[in-house]
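Student: These are the residues of each chain, in order.
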Amino acid sequence: MRSLRRFLTRLLNPAARRAQDERLREEIEEHIALQTEENLRAGLSPIEARRQSMLKFGGVEAMKQDYRAERRLPLIEDLLQDLRFTLRTLRRSPSFAAVAIVTLALGIGANAVVFGVLNALILRPLNVPQAETLYELERASDKLGIESYPNYLDLRDRNRTFDGLAAFSIGRAALDTGVNPSHVWVYQVSGNYFEALGIQPYLGRIIHPSDEHGPNSAPYIVLTYAYWRSHFEGDRSVVGRTVQLNKSPFTIVGVAPPEFRGTLLFFSPDFFVPIVEQEQVDGWSVLNARGNRCVTPLGHVKAGITPAQAIADLNSIGSDLEKNYPKDDGQMSFLLARPSLYGDSFSGPVQAFLTGLMLLAGLILLAVCANLGNLVAARAADRSREVALRLAMGAGRTRILRQLFTEAVLVSLMGGAVGLWCSLILLRGLSTWQPIPQYPINIPVSPDANVYGVALLLAVAGGFLFGAVPVRQVLHTDPYQIVKSGSIVRVGRRLAVRDLLLGVQIAICAVLVTSSFVAVRGLLRSLHSNFGFEPRNTMLVNTDLNMAGYRGDRVRVMQKRMIDAMETIPGVTSVGLVDAPPLAGGGNPRWNVFTDETTDLRPSNALAEALIFNISPDYFRAAGTTLLTGRTFSWRDDKDAARVAVVNREFVRRLFGSATNAAGRYCKTPDGTRVQVVGIVEDGKYNSLTENPQPAMFLPILQSPSSSSWLVIRSSRDPQQLAVAMRNQLRDLDGGLPFFMQTWNRGLDTVLFPARVATLSLSVLGAMGAMLSISGIFGMAAYSVSKRLRELGIRIALGAQRHAVLQVALGGAFKLLTVGSAAGLLLGILASRVLASIVYQATARDPLVLAGVVLVMALLGLLATWIPARRALSIDPAILLREE
Amino acid sequence: MKQKADVLQGTLALMVLKTLGVLGPQHGYGIARRIEQISGDLLAVNQGTLYPVLLKLEQEGAIASEWGASANNRRARFYRLTRAGRKQLQVETQDWEQTAAIIARFFEVKAEDLS
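Residue numbers (this note's numbering), protein chains in the order written: chain A, 1 to 884; chain B, 1001 to 1115.
Check before you lean on any hint, since a few could be wrong.
[Stated by the list, open to error] One-sided excerpt, in silico: chain A residues whose CB lies under 7 Å from chain B:
id, residue
1, Glu-30
2, Arg-50
3, Met-54
4, Met-63
[To be verified] In silico SDA-like links for lysine to any residue, alpha-carbon gap of 20 Å or less:
id, chain 1, residue 1, chain 2, residue 2
5, A, Lys-815, A, Leu-859
6, B, Lys-1018, B, Thr-1093
7, A, Lys-64, B, Ser-1065
8, A, Lys-56, B, Ala-1104
9, A, Lys-56, B, Ile-1038
10, A, Lys-323, A, Asn-288
11, A, Lys-323, A, Pro-603
12, B, Lys-1087, B, Arg-1074
13, A, Lys-560, A, Lys-815
14, A, Lys-56, A, Leu-75
15, A, Lys-56, B, Ser-1039
16, A, Lys-247, A, Pro-219
17, A, Lys-815, A, Leu-825
18, A, Lys-56, B, Ile-1035
19, A, Lys-668, A, Arg-654
20, A, Lys-64, B, Ala-1069
21, A, Lys-639, A, Arg-727
22, A, Lys-143, A, Phe-353
23, A, Lys-560, A, Asn-315
24, A, Lys-302, A, Leu-287
25, A, Lys-56, B, Asn-1046
[Claimed, not checked] Some chain B residues judged to face chain A by a derived CB distance under 10 Å, without partners named:
id, residue
26, Tyr-1029
27, Ala-1032
28, Asn-1046
29, Thr-1049
30, Tyr-1051
31, Trp-1067
32, Asn-1073
33, Arg-1077
Rather than coming from a laboratory, the hints here were simulated on the basis of the structure. Glycine residues also receive a C-beta, built at the ideal position from the N, C-alpha and C atoms.
Chain A with its partners taken away, still in its complex shape (with noise of 0.2 Å):
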């Protein structure tokens, strides 16, 4: 109670401490005064009366600080009196300020953005209730989150471990509300999707289990709040609203509420409509084959339950389904993946190359802390006289490292506050970002407490860890011998300390160099490389017949009045169509295919899983593949001809072992037809540019149908000039067909994306381990130059050379870059085998890329420098030593 008592009155008490102040002043004199009266009594002179009363009184500074610690709280007293201090002597010294919190920015920054990009997507839950129970189902055996439709429903109805199990999967339609057809992006889900997230609308109502009576039975839509806010002005009327989706009559029941869209983090969809409805959305259903996997189920696991039990009961029901249907179902076991990033088979990568990139974010924060430690400990030695001082006039040391560590932790907030701010405009930019325009993908990073959280923490982790390095050096700092004789440079393990610190920086500057070059090279080289078709001078044009209202047999005859309306168009070569073209985002469906001899098609008998390509007869001209061997199509392989296929070389190497005598052989698919191989093609890149070379089968369109259409159109001159003609084309032939076009090169930007990525922020963290290397070493530089002065004088002065005085002055920075970027580069040649499944090709056993790396470690060295030794070289021993 009294001890609560005194510290209310301390913390109440700086207001009043003016007055404070005056009346121990007055008690002094008072006190002083009474005293000396004595003494005068006694006999003693007045001056002397006053000096005895003043030396019985005793020290009066020490009694005042005394005081002031009785009268208010010493910490925090002290804490002020040192930042006010730490501001007045960065302020004397701006630029070393100034290099301080930009470098700090630089590192804090970094480590806020990548921070930030991975807690949006791996640590933040998704944004539904009771997020942690929710889990996404997939597949032990390739870790993707599809299943097939009744596989979904058997899993839904049978197990006892989830409390609903939703399921949805994203489909391409087109939206008529009576103005133009636009492309709009749905999510397909089940009649329980909404109620299983335990999500609630926010205008109208969702969609309900009751909903749901068979195929095409309930023509709903549900739009997301900001499809509804961006293409109905959040028109509340809309409730109710009939529009046309693919030409089908649909009702508007709903708005999802803001925060909702959907589960996957990096996608918004337009709206939802019920999964029933695919036939209407996709123009197929797939609703009753087993074997097709489209649909991504999830759920709340049951409280109480544990992720194993609900996999035991998921696998049990797994192993049952495998045995009732061999043929579509493989090996039925799950795995529970995060609900947000599509199965661990898509968030794996990710999470890898997230926390690869954390961790060079912390090293780079690890370089910074080692650059200014070094500045940090060369300014306190700088100090070592104002240090000696203070010691001397009785400063106890750790009020001394109290203060350096004040300003250590200051610099590194003010630096943390910039490069937080920094990060946050850069985040912002982010989340707006949509890196691929043909969808709707985009990263919604926008920065939470966790992100101010981590950037704070870092800011004052990093100044306790730079400001920890000249401890040593004050501790065992001598004032006798400092004020004597001046500040001593002192050779020894303290300055190997900073070396080591140095040398660990450049090598880790080389790293972040020949990783970046070695990701450059890769994305360049996958520019030009061969993907098994030629994307130059090609345009394409990609539309959904089906959502046009084409179904059966209009779909072929308009989508041979498309390829014969192109062919006009002056300039075009040659104009083929696919159904999904290669690197184009996926979406090919993978058959199993057996040999001829097989009778038992259950999948294991499989000998290989070839993607399908449904083509027209000129693709391969159009598309620019190599036709090695046999024949391609014509538009007499129709659905009354026998069923032919063409193969790639993989295709054929895994099927028949040797390509001599492939063509002609035959083959079966899972449904049991025999194909016959007509051709061999080349090899080609199909889903990413680091994939292992797949088997790939080419089908004909007349034969093998689909709505999907991508016009593939070669040009002899720039495509682009011919869009215009190719637009008019298309909407002389229906006005109502929503398409999209693009050449094939801007086709490609999406699986290069990731490449694309690595190699920027490679790039930009190279970059900034370039630019703190060549502070770092600068400072190492400027001061063992500006340390050995008087010695360089000396030798100047007794006739060295120039080089010789570079030797001595600069010779261990050279030595240090030197070791620090052979160690680097070793360790960037390790480095770059985690990269090589991210960027195609990525090998450091490249000579340019080896060269490349030397001569900006050289380039960098002679920058950070250029400085010092022109001060070096340009010293006058006259004055020097005159001064001195």
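Since the structure of chain A is provided, determine the placement of chain B on it from the hints.
Tutor: Okay, now just chain B, sitting in the frame of chain A:
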């Protein structure tokens, strides 16, 4: 070193309380004189150390202070014991006597007494 200062301060506070209890309101110099008279060496030098102790006691509410006129009619700050201070003096006197008695007994003990 720190501990010695604490002990000193603790005893000094008790002496201040006792002085005020016996003599009634006093200014700083008066308290210092009194303590010097009784304790001899303790306040012969560093009389200033008294003032932080006075402040501490005042903050704890054991004493109160106000301006008044000293013997030669000058402005001086007078300290007096409050009710809480009186109680504290009582309790601490008791504590101190107890402690002193125990310590004294320990010093009286000889080796043979402990066997």
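Student: What are the numbers of the hints that this structure violates, sorted from low to high?
Tutor: Hint check: 2, 3, 8, 12, 13, 14, 20, 21, 23, 24, 32 fail, others pass.
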